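If you're matching them up, the sequences are chains A and B in order. All you need for this note's numbering is the position in the first sequence, starting with 1, plus 160. All you need for this note's numbering is the position in the second sequence, starting with 1, plus 160.
Derived by calculation from the structure, the hints in this document are not laboratory data. Hints are supplied without guarantee of correctness; some may be wrong.
List time: in silico SDA-like cross-link candidates among lysine to any residue, alpha-carbon distance up to 25 Å [unchecked claim]: (1) K408(B) - K309(A); (2) K309(A) - L264(B); (3) K392(B) - H378(B).
Computed from a predicted structure; not experimentally measured.
There are 2 protein chains.
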Amino acid sequence: MRSVARIPAVRREIARWRRLGHRVAFVPTMGGIHEGHLSLIRLARAGADRVIASIFVNPLQFGPKEDFRAYPRPRLRDRALLRAAGVDLLWEPGIEDLYPRGHLTRVRVRELEESLEGFARPGHFEGVATVVLKLLHVVMPDVLWLGQKDAQQAIIIERLVHDLLLPVDVRRGPTVREPDGLAMSSRNAYLTKAQRADAVALSRGLAAALSALREGEHEAARLRRTVQAELKARPAVVTEYVAVVDAKTLKPVKRVRGRVLIAVAARVGKARLIDNLEWGPR
Amino acid sequence: MRSVARIPAVRREIARWRRLGHRVAFVPTMGGIHEGHLSLIRLARAGADRVIASIFVNPLQFGPKEDFRAYPRPRLRDRALLRAAGVDLLWEPGIEDLYPRGHLTRVRVRELEESLEGFARPGHFEGVATVVLKLLHVVMPDVLWLGQKDAQQAIIIERLVHDLLLPVDVRRGPTVREPDGLAMSSRNAYLTKAQRADAVALSRGLAAALSALREGEHEAARLRRTVQAELKARPAVVTEYVAVVDAKTLKPVKRVRGRVLIAVAARVGKARLIDNLEWGPR
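Chain A on its own, in the form it takes in the complex (with noise of 0.2 Å):
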């Protein structure tokens, strides 16, 4: 696996695969690499002669109240990560890098980017948007592979690629767990020993939503309920939404008819947590 944090080099590198005829997949991540990225690597892997993994901790996506320097750093650990999992190349570019001096071009999905985490965290799509178009225009993969543990931001880039006109292919891989349940995320790294107990809340509720689901409850509010009560039933969980949306226009449905997503947002301690299930027909 080659390092590179220059643009020049990254598009260098995508080139001379380029002229060898090679496909190249791109798994973009802000580090702290843990198993959902890894997955991420060898779904890449498995349909493309090439992968390319970017390590970018975005400060444009983050609030000014939120863990922009906390955010975990790992850098030689989630090297070795990559590299094992089986990376080509690493991209890891300086702020000034993705941002020049005096940048003012931002980019965003409107309506979308306006409900669930955009609704908690103003402007967080924006900067998710903007930056991603930067990094598909410097590695121009023929697929983009997105983790569904963040759905409404792949709901957002599979958007905006279409919007826009990209020629990439974006793709989802699922969810990646822990043997309880609780969604791998960077910010688990953020709980003590009794949060993250509590934290496994997230899936618990979304479990007991999904035997709802499939023994014919199609209520909204009865869903979420469900999954809210599995929720305060955890001290140190504090509920930021259960929602249940339309899987395309994250708009609130009342009753389950097309494909939904049900997505749930939380604090413990000091970490925010999400996660989510989609369910129906595409």
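Following the hints, complete the assembly by docking chain B onto the known chain A.
Same frame as chain A, but now just chain B:
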């Protein structure tokens, strides 16, 4: 010259050129082709192996009370002129090609989009930036040619391409003028004979400012008054703004030091006309 509408046809032709190692230049237009556009085609021609032009009257950059419907669309004439000037491929997308159903994505170049034309035409440059980015994603040219006549547009697109890390060289062609000095514009077609005579005030005003600059005048207020004097002398001309701004930030300057843009906008009958000059070291 081949003429195509659909995106896959454009991509196929350009991929074919790329396999031949050809350098590709792109001239986007809204049609109503005049000598200004044709000069850009010739500049593009001189620096590339292949030239692609597009004609698309972009609804997103017109305000609700603007001339989207009235905008000139002399397609047969446009095609003949572009063919004769040496265009290899003419792309004439439909609205549904550039704006997929349910599209929500918008691109902004903050601050630059708010002054001059952006102040007079709210949302205009968001429409311009969004459509140009889409066009670039389909064509992915080596060089993009824009006209100095729409200076703010060129400055905004240059910033966008730089900020978003697009590997495209943005070049500007000089404003082409009628014998009396009037800048070529598709909107000149709206002028009656009397209005056409008065419309020369914009270029006369700028020419007077240029003379003053050459004679050492550096006070922005006096340069503005010099331009305004020519505009006021013509009864059909209703001035919208005369501005002396930094040519990079578009912020007003009091004294001419670095490179400046002197920009003017005025209504003449049904036409809204703009013109400008740049002065000083780059």
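Verification of the supplied hints:
Between the alpha carbons of K408(B) and K309(A) the distance comes to roughly 42 Å, so the proposed pair goes past 25 Å and is violated. A distance of roughly 23 Å separates the Cα atoms of K309(A) and L264(B); the hinted pair therefore holds under the 25 Å criterion. Taken as a hint, the K392(B) and H378(B) pair is honoured in the structure, with Cα atoms around 22 Å apart against an allowance of 25 Å.
Checked against the numbered hints given earlier, this structure breaks only hint 1.
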